[in-house]
Amino acid sequence: MLAVRGLAHTYGSRQVLRVDDWQVAAGERALVLGPSGSGKSTLLHVLAGLLKPTAGSVFAFDEEISSLSGSTLDRWRGRNVGIVLQALHLVSHLTVRANLRLAQYLARLPQDDAAIDRTLAALGVADKAARRPGELSQGEQQRVAVARAVVNGPKLLLADEPTSSLDDEAAARAIDLLTGEAARTGATLVVVTHDARVKRHFAQTLELGR
Amino acid sequence: MNLASLSASYLRARPLQTGLSLLLLALGVGTIVMLLLAVTQLEDRMGRDARGIDLVVGAKGSPMQLILAGIYHLDAPTGNIPLASVAQLEKNRMVKRVIPLALGDGWRGFRIVGAPRSYLELYGARIQGEFYSRPLQAVLGAEVAQRTGAGVGTTFKGAHGIGNEGGDEHDMPYTVVGVLARTGTVIDRLVLTSIESVWHVHEAAHEPADEADRKALEEDREVTVLLVQYASPLAAASLPRAINATSALQAASPALETARLFRIVGAGAEAMRAFAVVLVLAAALSVFVALYTALEQRRYELAVMRVLGASPGRLFGLLVAEGAVLAAAGSLLGVALGHALTSALGAWLEQAQQPTVTGLAFLPEELAVAALAVLVGIVAAFIPAWRAYRTDVSRTLASG
Numbered sequence: 001m002l003a004v005r006g007l008a009h010t011y012g013s014r015q016v017l018r019v020d021d022w023q024v025a026a027g028e029r030a031l032v033l034g035p036s037g038s039g040k041s042t043l044l045h046v047l048a049g050l051l052k053p054t055a056g057s058v059f060a061f062d063e064e065i066s067s068l069s070g071s072t073l074d075r076w077r078g079r080n081v082g083i084v085l086q087a088l089h090l091v092s093h094l095t096v097r098a099n100l101r102l103a104q105y106l107a108r109l110p111q112d113d114a115a116i117d118r119t120l121a122a123l124g125v126a127d128k129a130a131r132r133p134g135e136l137s138q139g140e141q142q143r144v145a146v147a148r149a150v151v152n153g154p155k156l157l158l159a160d161e162p163t164s165s166l167d168d169e170a171a172a173r174a175i176d177l178l179t180g181e182a183a184r185t186g187a188t189l190v191v192v193t194h195d196a197r198v199k200r201h202f203a204q205t206l207e208l209g210r
Numbered sequence: 211m212n213l214a215s216l217s218a219s220y221l222r223a224r225p226l227q228t229g230l231s232l233l234l235l236a237l238g239v240g241t242i243v244m245l246l247l248a249v250t251q252l253e254d255r256m257g258r259d260a261r262g263i264d265l266v267v268g269a270k271g272s273p274m275q276l277i278l279a280g281i282y283h284l285d286a287p288t289g290n291i292p293l294a295s296v297a298q299l300e301k302n303r304m305v306k307r308v309i310p311l312a313l314g315d316g317w318r319g320f321r322i323v324g325a326p327r328s329y330l331e332l333y334g335a336r337i338q339g340e341f342y343s344r345p346l347q348a349v350l351g352a353e354v355a356q357r358t359g360a361g362v363g364t365t366f367k368g369a370h371g372i373g374n375e376g377g378d379e380h381d382m383p384y385t386v387v388g389v390l391a392r393t394g395t396v397i398d399r400l401v402l403t404s405i406e407s408v409w410h411v412h413e414a415a416h417e418p419a420d421e422a423d424r425k426a427l428e429e430d431r432e433v434t435v436l437l438v439q440y441a442s443p444l445a446a447a448s449l450p451r452a453i454n455a456t457s458a459l460q461a462a463s464p465a466l467e468t469a470r471l472f473r474i475v476g477a478g479a480e481a482m483r484a485f486a487v488v489l490v491l492a493a494a495l496s497v498f499v500a501l502y503t504a505l506e507q508r509r510y511e512l513a514v515m516r517v518l519g520a521s522p523g524r525l526f527g528l529l530v531a532e533g534a535v536l537a538a539a540g541s542l543l544g545v546a547l548g549h550a551l552t553s554a555l556g557a558w559l560e561q562a563q564q565p566t567v568t569g570l571a572f573l574p575e576e577l578a579v580a581a582l583a584v585l586v587g588i589v590a591a592f593i594p595a596w597r598a599y600r601t602d603v604s605r606t607l608a609s610g
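Those sequence lines, one after another, are chains A and B.
Note that this note's numbering gives residue 135 to position 135 of the first sequence, counting from 1, and the numbers run on in steps of one.
Note that this note's numbering gives residue 285 to position 75 of the second sequence, counting from 1, and the numbers run on in steps of one.
Don't take every hint at face value.
[As the list claims (entries may be wrong)] Only some residues are given here: those of chain A computed to face chain B with a beta carbon under 8 angstroms:
(1) L2
(2) S41
(3) H45
(4) L51
(5) R75
(6) R77
(7) R79
(8) L85
(9) L94
(10) A98
(11) R101
In short, the hints are calculated from the structure, not lab data.
Predicted model, so just to flag it, every value in this text is computed and none were measured.
Beta carbons: idealized from backbone N, C-alpha and C, even for Gly.
The task is simple: from the sequences and hints, build the whole structure.
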């Protein structure tokens with residue numbers, strides 16, 4: 001189970017995020033919806049253990065991650081969280097395969113080519129393994145980014161604005177991709193977006209105001 | 211995948227910056243390695259050439275010139291001295307052995323040296339064929355034989371004058387009776403014959419008219435330099451001063467004069483070394499600039515690595531590894547370049563019939579130079595690595 005209690009984050013005197021009580025059951029999926037500036041990216045960074053909240057606690061699968069710090073937190077993130085960023089940020093000088101291997105390497109997990117092949121095949125980009133990100137279409141790059149997020153079998157899959165600047169059809173495909181992969185790997189999925197079109201795909205939505 | 215392969219992948223993706231850093235480092239390390247090899251080998255070689263010779267005695271003039279002409283056969287001799295001085299010196303109790311040499315002629319740029327057999331023994335030269343036993347027989351040094359293609363049975367005419375200027379040819383031909391095995395010393399570049407042969411060739415020009423004339427000619431016989439071995443180390447204190455003060459001769463100590471020569475040559479080598487150090491520092495600066503200026507462009511790449519579970523320490527390690535990989539590759543190239551340059555220098559010296567150097571020898575000091583260059587590359591990466599360590603992932607991702 002993923003849960004936050006009395007969570008608040010401030011930059012200086014400006015409060016950018018406040019979530020009193022919110023939780024997502026393990027293996028479920030949830031949407032965080034809000035306009036830009038509502039703190040939804042901040043929430044995503046807090047859930048991923050990239051940012052320490054000013055107040056409150058975050059529990060993820062029986063671990064209070066807001067109390068972890070330093071390399072313990074880094075290691076926890078590498079093994080338990082997969083993140084698909086809005087701008088994807090694939091490493092341009094590495095091949096698709098090496099991008100996935102990088103995820104294994106940085107999480108200090110064994111470098112497992114079979115797992116990489118399985119993941120790429122599940123996402124339909126097995127034939128792109130030797131390519132570099134710059135040679136792929138936008139849709140293929142997104143698939144590779146999802147593949148990199150799930151290759152370590154994370155318990156929590158986070159996606160930041162996966163549908164922005166996509167047309168309706170492509171947006172629906174992107175959401176299907178994420179929900180499909182979450183279901184396939186049994187991960188809890190949290191999608192953070194300002195895009196209201198996505199709402200109908202999710203039973204559970206946390207709306208953040210400005 | 212590991213830090214080194216990840217670094218190498220990144221560096222390959224930026225060929226221009228990487229190439230510039232590699233070039234600067236290779237030039238710096240290459241110059242240092244070449245100087246190291248050349249100076250060490252030349253010193254070693256000059257040491258071997260002078261081994262067993264405590265003092266050189268010849269006509270008055272510059273002591274360094276006397277050493278260069280008498281031991282290394284590089285400079286023109288200071289002049290000739292009467293043959294009688296050999297016997298005079300041999301009588302001195304402080305002298306163990308005197309080896310007289312008669313210089314003055316050359317053949318195809320190689321010097322013809324009139325010398326007793328003890329001169330060949332001084333360098334432990336093994337011979338193929340025989341030693342000269344009669345006038346106008348000659349023995350060739352290994353390099354002379356190799357470069358002229360001459361061997362046992364070849365006849366040739368010496369020319370007056372040393373070196374390539376090519377004076378008048380003498381009429382009396384020499385016959386080669388032996389060829390020396392390579393010794394790595396100065397006699398590889400010499401044509402050796404008996405002192406009597408040298409006299410003979412020169413006296414032939416003015417045929418003695420009668421017995422009295424012949425006597426006069428024989429009394430006028432001269433040699434060029436005397437190589438002296440001391441009977442005891444104590445001789446060094448008094449013998450040179452005694453010779454210089456009391457006779458028309460000059461005595462020069464090889465140890466003192468070569469030390470003086472290396473102080474002069476060493477100043478040039480020192481300047482080149484300083485220049486090479488500047489090159490290595492410029493390379494370090496280019497490593498620093500390449501890594502530092504790329505940080506802005508790479509901030510998402512570095513943030514993503516944190517997202518994937520890398521600790522700040524690992525980003526620090528990654529940047530340091532990039533500096534180290536760059537420096538290691540540059541140093542390796544530099545060592546290879548240093549050996550190539552030394553080989554080129556060796557080929558050029560050989561062409562000029564000078565004592566040559568080889569690029570095929572390795573020195574332990576090269577490892578120290580390479581290790582030092584790698585260290586410099588690592589240190590140059592510290593500030594960029596520190597910036598990478600401090601990456602604020604959340605803020606970076608929020609900005610893009």
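Hints, verified against the model:
1. A hinted interface residue such as L2 (chain A) counts as satisfied when its beta carbon comes closer than 8 angstroms to some beta carbon of chain B; here the least separation is about 18 angstroms, so the hint is violated.
2. Contact between S41 (chain A) and chain B, as hinted, is supported at the beta carbon level, the nearest pair being about 6 angstroms apart and thus within 8 angstroms.
3. For the restraint placing H45 (chain A) at the interface with chain B, the shortest Cβ-Cβ distance is roughly 4 angstroms, inside the 8 angstroms limit, so the hint holds.
4. A hinted interface residue such as L51 (chain A) counts as satisfied when its beta carbon comes closer than 8 angstroms to some beta carbon of chain B; here the least separation is about 4 angstroms, so the hint holds.
5. Look at R75 (chain A): its Cβ gets to within about 6 angstroms of chain B, closer than 8 angstroms, so that hint holds up.
6. Annotation: R77 (chain A) was flagged as interfacial toward chain B, and the flag holds, the nearest CB pair being 5 angstroms apart, inside 8 angstroms.
7. Hint status for R79 (chain A) relative to chain B: holds, with the closest Cβ pair at about 7 angstroms, below 8 angstroms.
8. Taking 8 angstroms as the C-beta cut-off, the interface hint given for L85 (chain A) holds, the closest approach to chain B being about 7 angstroms.
9. Satisfaction of the interface hint for L94 (chain A) is found here, the shortest Cβ-Cβ separation to chain B being roughly 6 angstroms, below the 8 angstroms cut-off.
10. Taking 8 angstroms as the C-beta cut-off, the interface hint given for A98 (chain A) holds, the closest approach to chain B being about 7 angstroms.
11. For the restraint placing R101 (chain A) at the interface with chain B, the shortest Cβ-Cβ distance is roughly 5 angstroms, inside the 8 angstroms limit, so the hint holds.
In summary, the structure is inconsistent with hint 1 from the numbered list given earlier, while agreeing with all the others.
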